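If you're matching them up, the sequences are chains A and B in order.
If you want my numbering, it's the 1-based position in the first sequence plus 95.
If you want my numbering, it's the 1-based position in the second sequence plus 55.
If you're looking for bench data, these hints aren't it; they were derived computationally from the structure.
One thing to keep in mind: the hints can contain errors.
Straight-line Cα separation of at most 30 Å, DSS-like style, residue types lysine-lysine; simulated pairs [stated by the list, open to error]:
| # | chain 1 | residue 1 | chain 2 | residue 2 |
| --- | --- | --- | --- | --- |
| 1 | B | Lys248 | A | Lys338 |
| 2 | B | Lys83 | A | Lys338 |
| 3 | B | Lys122 | A | Lys344 |
| 4 | A | Lys356 | B | Lys274 |
| 5 | B | Lys110 | A | Lys275 |
| 6 | A | Lys244 | B | Lys148 |
| 7 | A | Lys356 | B | Lys397 |
| 8 | A | Lys181 | B | Lys273 |
| 9 | A | Lys356 | A | Lys170 |
| 10 | A | Lys275 | B | Lys148 |
Values in this document were obtained by computation on a predicted structure and should not be read as measured data.
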Amino acid sequence: MSLTYQIVVCGSLVPDPLQTLEPVTTTAGPALKNETMLPAVLDPWAGHALFEAAYLAKNNPGSKVYFVSLAPKAKLQQVMMTVAQKAGFELIAIDGPASGFTEAADVANALADTIKTIPGLDMSKLLVFGGWESASRGAGATMQLVGEKLGITDQFQGVDQITVAADGSFEILERVEGGKHQASKCAGAPAVLGWATGNLPEPPNNPQIGMANMRTIMPALQKAKPAKIAAEGVTFASVALPKQQRQTKIVKDMSADDIAKEIIAWIQQ
Amino acid sequence: MDPAITGDTNMETILVLAHTEADGSLAKPALEAIAASRNITGTLIVGLIGADTQKAANQIAGCGAAKFLTVTGPEFSQPRYATDAAAAEAIAKAAAATIIIVPHTSRWGRVAAGVAARLSGRADTHVTGISATGITRWYYRQRMEAQMTRTQRPWLIAIDPGCTVPLECAAGTATTTPVAVTVSSRTQVTGIKAPEARQQTIRPDAKLLFVAGAGWTKKQADGATHVPEAAEIILGFLNASKSSLGSSKSLVDISGEGQAVLPFMSHLNQIGQTGSTPRHAKGLSTCCHGEEPHTVGWRFVNERRAISLDPNCGWARGKADVLYVADAFAVMRKVTALLAAK
């Protein structure tokens, strides 16, 4: 039996993790200082979802990967220069903020409404992928909400592995407490998978894939529809960096024996 | 919730939802969620979901709940989106809850936002504090802390385990009210996959978090790498101390790149910006390097010590209470030997 999938990956941008982030207050609510200037990267878990989607599509010929992204389109274009070289996909861009302080519900509505417009969308082949959490809001909410909007009740979060059987069913491994995985068997598509890190390393850049992707990425960016994303009903009393500076005692010239004894005593306090 | 904040002069109807464990009892995160609900003024209702819920209701009979609503049946013993969401939705509607509190376990994390959507409400997850004036949660992977509230109801709040002192209350015989739910699912939970006992390095209840950095796999003073020896030392310490293992991203990424690495290390061990931020009383980092954002893995560790050859290590300076400038190979070998001798 030949299995083909329509794999829709939802993902956005986050500030480069090596950047210093500082919150500021604006008339629209909290934001990051110099947010528009901060270099952005693809959200790490969304990236894993994209790489897993590309791998699944490659192993099931005839499958197609769509990457639906809500982000400021100028920044999305920059990030796509790199991401497009790693996996084959068709970009569907939505122009809007990628701030962590926006509402997951608004983001999910925009994503789900866009997914519904994909020509030839077939629910019996649909797998909706994304990161289980983002590196911005980090709520683990958006994928669930997209699933609810699409009427998909087979949902999995913290996914590290999908194994497709010949009959179209698949086994999913989801992260649970204590470094363990919950194994589930799902009858087949449609399903929502919020990915953790998965098992695949980040693919190397492949200029050929990049060239093929870029032919569709630029028109997709030009066609990006603006989305109204806000945080209605939410009042932020404060957003602040934690006070984290400690007075570190530097211990030099102590023998390994003495350090070991001191650490043991500390552990056992 | 403080009417001055919410703009609502009505009392809240607070529903705490919890799953029962395999033995029918309530686990610590559920008791923490009930305790957290006491910070809000309102009527408390407890909703219990599981194969059998009476034992759990009896366990918290004295918690002050006005009502115990239950969804019971074998299909609700499995952590699964379709059944968990349907059960939670039914109880929330039966309770007419305005505030819903759940522990942010993997099970509730899977459905919290979906349940809120079904109720036309909103959810806030990974909450670290609930007070009369709102909630506290972190943004940008624990890099900034926000205090906030919202007007939407119902408001589902998923509170992270370890943030509240668990409820202590008298047990008794609770009267429960069953809520009928009919739901089917195309998903079957088939089991839990865990590493073998000796390879199990993640222990959420451990007092100590041991953080291994990429330095363990780098060239040492003799100009060679000693990865098998590093693995033996680390695993020996973990098994002797029963501590939990965390790792820097760089060390975990090496695993994915197919290099000779620590065989028991996986992405599940990763702490920090793209990993977890576990809660432990103490943390000992070894061979770790880096500045923010890597150090966010320390965020919820109270007492911190570090071993590094670099006295200016950004991971430790200003972040740890004590930095030992020493060879982690030598120190940890001796620490393990001392622990084994006790």
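Okay, the hints, checked on the actual structure:
| no. | hint | result |
| --- | --- | --- |
| 1 | B/Lys248 with A/Lys338 | violated, 39 Å |
| 2 | B/Lys83 with A/Lys338 | holds, 29 Å |
| 3 | B/Lys122 with A/Lys344 | violated, 53 Å |
| 4 | A/Lys356 with B/Lys274 | holds, 26 Å |
| 5 | B/Lys110 with A/Lys275 | holds, 27 Å |
| 6 | A/Lys244 with B/Lys148 | holds, 19 Å |
| 7 | A/Lys356 with B/Lys397 | holds, 12 Å |
| 8 | A/Lys181 with B/Lys273 | holds, 28 Å |
| 9 | A/Lys356 with A/Lys170 | violated, 53 Å |
| 10 | A/Lys275 with B/Lys148 | violated, 33 Å |
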